[in-house]
Amino acid sequence: MNISPAVAGSRSRPAPAPAPVPPAAGPSEARAAFKESAGAGLGFIPLGLAFGALVTQSGLDWWWAGLSATLAFGGSFEFLLIGMVTAAAPLAAIALSAFMVNVRHVFYALSFPLHRVTGRLGKTYATFALCDEAYALTTGKQARSWPGRRILWLQLFLHLYWAVSAVAGALLGSLIPEGVTGLDFALTAMFTVLALDAVRDLRGDLPTPALALVSALAARLLFPGQMLLAAFALFTAALLARHFTNGRKPTRA
Amino acid sequence: MPDTRYAIAAVLVAAAVTWGLRALPFAALTPLRASSIVQYLSTRMPAGVMVILLVYCLRDLSLTQTRTLAPLIALAVTVGLHLWRRNALLSILGGTAAHVILASAVFAP
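Going line by line, the protein sequences match chains A and B. Just so we're aligned, residue 1 is where the first sequence starts under the UniProt record's numbering, counting upward by one. Just so we're aligned, residue 1 is where the second sequence starts under the UniProt record's numbering, counting upward by one.
Keep in mind that the hints were calculated from the coordinates and are not lab data. Every residue, glycine too, gets a C-beta built ideally from N, C-alpha and C. Careful: at least some of the hints might be erroneous.
A short, non-exhaustive set of chain A residues, derived as facing chain B with CB atoms under 10 Å [said to hold, decoys possible]:
1) L47
2) T127
3) A186
From the structure, some residues in chain A lie toward chain B, with a derived Cβ separation under 7 Å [claimed, not checked]:
4) W64
5) V85
6) A88
7) P90
8) A95
9) V103
10) V106
11) A198
12) A212
13) L228
Footprint (simulated), chain B over chain A, 3 or more residues, beta carbon under 8 Å [claimed, not checked]:
14) 53–63
15) 153–162
16) 167–173
When you get a sec, could you build the whole thing from the sequences and use the hints?
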């Protein structure tokens, strides 16, 4: 498709030669971002379909799936939100749970390359759509040279995959026969996979998942009504205690 | 369907909290980066939070009913697939499919 510059240059002054535009930043960055997003998209689309199907199976309207996917863009909490909304949980409880489940995003500010994204609107959207996968893709080794535009395009593609597949799943979900249940296990399976990967990233630091497991079980037994809040609080306290007791010793690194 | 206004408000609340958590830390970036406590927590939090959420998903398992076998078998399928192939999508879809089949057909209520 590309006309090679040598051919174009052989004619002396092609009439209204398109000025040597700086390599069309928009489309090429979009294309590069699309390629980078494809792997994550393969994961988003089936999960989004499952999310949408679960929304209608839980008795919520199809548009709610789209609303949640677009505005509360954060897969894991959205699955939890379905259950809370159908149980008519108080808004304060929803806010608290959203905080606890999504508080991990606080740490993304440590390394997400927001400084490369220009403009107030761009920065606003980049933080709004800073999901786990966007963070993972834009902070990896291969992303060190990405300009801000490519980061934004990537986030937009991920956002679209999620929202469109959620709506599609919600519309198709009503076709699932009555007796078919158990789709909600997608959430459990997702956390299983995320936990396995995250534990592997700790490279042998087994006390951390062990403390988390003990915190979760203790919270389940002692505070069944506020299990998530109690578990996160216990785990954070345990990590801090460990940090301060280890602080005295010389570090391994 | 619960009350429509409530269902919308729930999404808005979740969205506001989520966005706040994503955007506000950038304002406090410098002190965050310098803090050794934050560094320590930030490397260990994700794994712990995922473990806690996994336990939370399984919190209502009854140890006395045979129907509990469906999620336990599906969990084993998910873990097995993931240790074998390290493909997140395959593990999630495989585990979910196992659960749907077991819960709908084998251990149907």
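Taking the hints in turn, this is what the structure says about them:
no. : hint    : in the structure
1   : L47     : 7 Å, holds
2   : T127    : 4 Å, holds
3   : A186    : 5 Å, holds
4   : W64     : 6 Å, holds
5   : V85     : 5 Å, holds
6   : A88     : 5 Å, holds
7   : P90     : 10 Å, violated
8   : A95     : 5 Å, holds
9   : V103    : 6 Å, holds
10  : V106    : 5 Å, holds
11  : A198    : 4 Å, holds
12  : A212    : 3 Å, holds
13  : L228    : 6 Å, holds
14  : 53–63   : holds (count 3)
15  : 153–162 : violated (count 0)
16  : 167–173 : violated (count 0)
Checked against the numbered hints listed earlier, the structure breaks hints 7, 15, 16; every other hint is satisfied.
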